[in-house]
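Line order of the protein sequences matches chains X and A.
Going by the working numbering, 93 is the number at position 107 of the first sequence; the sequence numbering is gapless.
Going by the working numbering, 17 is the number at position 31 of the second sequence; the sequence numbering is gapless.
Honestly, the hints are just simulated from the structure, not real lab data.
Worth double-checking, as some hints may not be accurate.
Note that identical chains are pooled: a pair holds if it fits in a single copy or bridges any two copies.
[As the list claims (entries may be wrong)] With a straight-line cut-off of 27 Å between C-alpha atoms, the simulated DSSO-like cross-links for lysine-lysine are:
(1) Lys388 / Lys357
(2) Lys161 / Lys183
(3) Lys67 / Lys382
(4) Lys118 / Lys405
Each chain, written out:
2 protein chains.
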Amino acid sequence: MTQLEQAKKNRITPQMKKVARNEGVSFEFIREKLAEGKIVIPYNKIHSPKRPCGIGEGLTTKVNANIGTSSDYSKINEELKKTKISVLAGAHTVMDLSTGGNISQVRRAILRNCPVPLGTVPIYQSAINAVKNNGSIAGMSENDIFATIEEQAKDGVDFFTLHCGVTLESVARLKNQERITDVVSRGGAILIEWMSKNKKENPLYEHFDRVLDIVKKYDVTISLGDGMRPGSIADATDRTQIQELILLGELAERCRKKGVQVMIEGPGHMPLNQIQANVLLQKRLCHGAPFYVLGPLVTDSAPGYDHITAAIGGAQAASYGADFLCYVTRSEHLRLPTLEDVREGVITTRIAAHAADIAKGIKKAIDHDAKISTARRKRNWRKQIELAIDRERPGKMRRKFKSSTKDVCTMCSEYCSMKLMDSAKRELKK
Amino acid sequence: MTQLEQAKKNRITPQMKKVARNEGVSFEFIREKLAEGKIVIPYNKIHSPKRPCGIGEGLTTKVNANIGTSSDYSKINEELKKTKISVLAGAHTVMDLSTGGNISQVRRAILRNCPVPLGTVPIYQSAINAVKNNGSIAGMSENDIFATIEEQAKDGVDFFTLHCGVTLESVARLKNQERITDVVSRGGAILIEWMSKNKKENPLYEHFDRVLDIVKKYDVTISLGDGMRPGSIADATDRTQIQELILLGELAERCRKKGVQVMIEGPGHMPLNQIQANVLLQKRLCHGAPFYVLGPLVTDSAPGYDHITAAIGGAQAASYGADFLCYVTRSEHLRLPTLEDVREGVITTRIAAHAADIAKGIKKAIDHDAKISTARRKRNWRKQIELAIDRERPGKMRRKFKSSTKDVCTMCSEYCSMKLMDSAKRELKK
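With the hints as extra help, turn the sequences into a complete structure.
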């Protein structure tokens, strides 16, 4: 039985207990929200990740790190290092988006070394196999698609991105809509290429029950992909995007009825002033399903800094109720990320998630900030660094610039406001 | 006559014309908003900055870079390099916050080399002189304070941060309020130290007309400092902060009546969900005076990454109407920033400002994003990089990872969604 089915039957699983303890909420809270489809716990027993997590309403905002090879760079060891560094930096989940080298081998190696839930996008592998075996993406058979899904589920993948909302209907909307960047989802573009050449409906939509039958066996959580997500500010919140979201809402209902855990993926590039409406729309159209956003990137104009454009949008999205932030690295739009890009991407996204958790009123986040600020007030540098989201960097930075007295930093030196206030406060208390 | 007096008399100055042209608005728009006190043009004729800028309602969001020595690090050349790098990276103004070495010499050197408006915080110099000459901050005389303000105005400084709202009244509020970080403004702490030891009112408040007489002569714009700004999430939007803001609103009225240009400084550390209310409060209490914010930093927990915590808050604040963002570097809370920190701080804050400008509906910002996304869609890498907010970094990053075909990047290689869509779209059009 899936976590969702057990929750519906009033059963509390060990995974629900673990999640409840981590979050500081009751077992019953997790069970109830899971039964309502407002929380998911991606957990495939074949993988049995040591550190499962809950994603959804009332929980801390989670962070995903995307790794994986491309046909230009495909070394297994490099991907294992990225997995390790992601988890060490605090990613709650990892997605293997490999499209180069021996994809099954890469995935299995990562699964063996990944203590957190692992996600994939199976259509990549189906497409690559089709190019290899049949010469083109269009040559991919429906059976190939389902066989890949089953293979990956059997390997232990905990959640799948499936672009089921890329349909004849949403593609028709795309044709009627002037977009600058058309489709920027790789999975979406693969399916549109297949659909347009074969003049057929998306098999992941047409045979959605077949998808559900496979994933249910392994309790793979479905993450309904947004193949039509806007890839530029100008394309945000357009008819194409919202049409797909309507379809995803319908499919989410079908998942829940069948006992399959589901979350919804969201944009993408989006101006700051559209984020709140988008979160509200997703929560309404998908009846409170967890919202998993990529960014949103609040401007198109900062290649080299998209970890920051995404953190600005992600913090805001999560503060309004998005549950799960996919990191974006500074390499986005430019290249495959380096190890350092991966680490920085996770840290930056954790900062956005934490800022949102404070705004969401999550006590443990608010208490944490009070603790670090108390250490700062006392000029307890050791403790301040110990409580930092990244514990490595601040210490290194501080050690590089030595101050003449130990209790201040070189920014203000003797004119440290904290130190001046120690003196003034003694006077004020008289 | 000051810019404000001329605007009130229906005169359009060359500076107003320059600002109007840069912003793509009419001369009359600038004049009218200036007369209403909703726009300022910091411009001291003695300095006559080559690149003046307008700050306020209806204009693009501006970015300030703080530089300056401390008693631990005080090299003039380093500060000149910081000035240059700030301006090259796109800062609209620079503030010299020096507290080490020969402060007058540093300031004059920067003024000679600064094509944008320069700001200072005169109380720093008064305090340092007092420590040197009279042994303590408390030994600073009222005449010293006003003499420093006049000296700096005569040197050509274009705007002054003056912490006039740190008064017996707001300090009383501070005493009644449990704060974690008390006062984190250096200027605020200096004044409180002086007030508490001398049992006297803040001279910048008590003799505000004397302040106005000096700055008016040189048309130095006053930036009313928030000496009581919250230095931690827990302290945000408390009675102390809002009490000071009320006082600043009253003082802003007095500035305008006297023909002195004025803007208002704002926090600080602040949870995401309090930013909108804070901008609204400032705009109401200060009758639409330009709002100059330091961050806000949306969490206390990310030392080493405070350029990012500030960009998250700054983008949001500006999207709600804040007009002027003071950069924060990743060195905040840890050390004096390096040259690289300064450059990165300016770029990051410009990203936040640009994202806000899109949300504010500023056409030139929206058009810019459409242009870069069109280049991206066409896989025109040269143009994409040319249009980037930072033109240096993306090119370097891309050159480091060569892709096998020139028209894609190593992230997706042959599975580039843009490239796939070229093929699919040809099919869809049939």
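Cross-check of the supplied hints:
1. Lys388 / Lys357: within (25 Å within a copy, 46 Å between copies)
2. Lys161 / Lys183: Intra 15 Å, inter 73 Å, cutoff 27 Å: intra-copy only.
3. Lys67 / Lys382: both (22 Å within a copy, 24 Å between copies)
4. Lys118 / Lys405: between (67 Å within a copy, 18 Å between copies)
Hint check: no violations occur; every hint is consistent with the structure.
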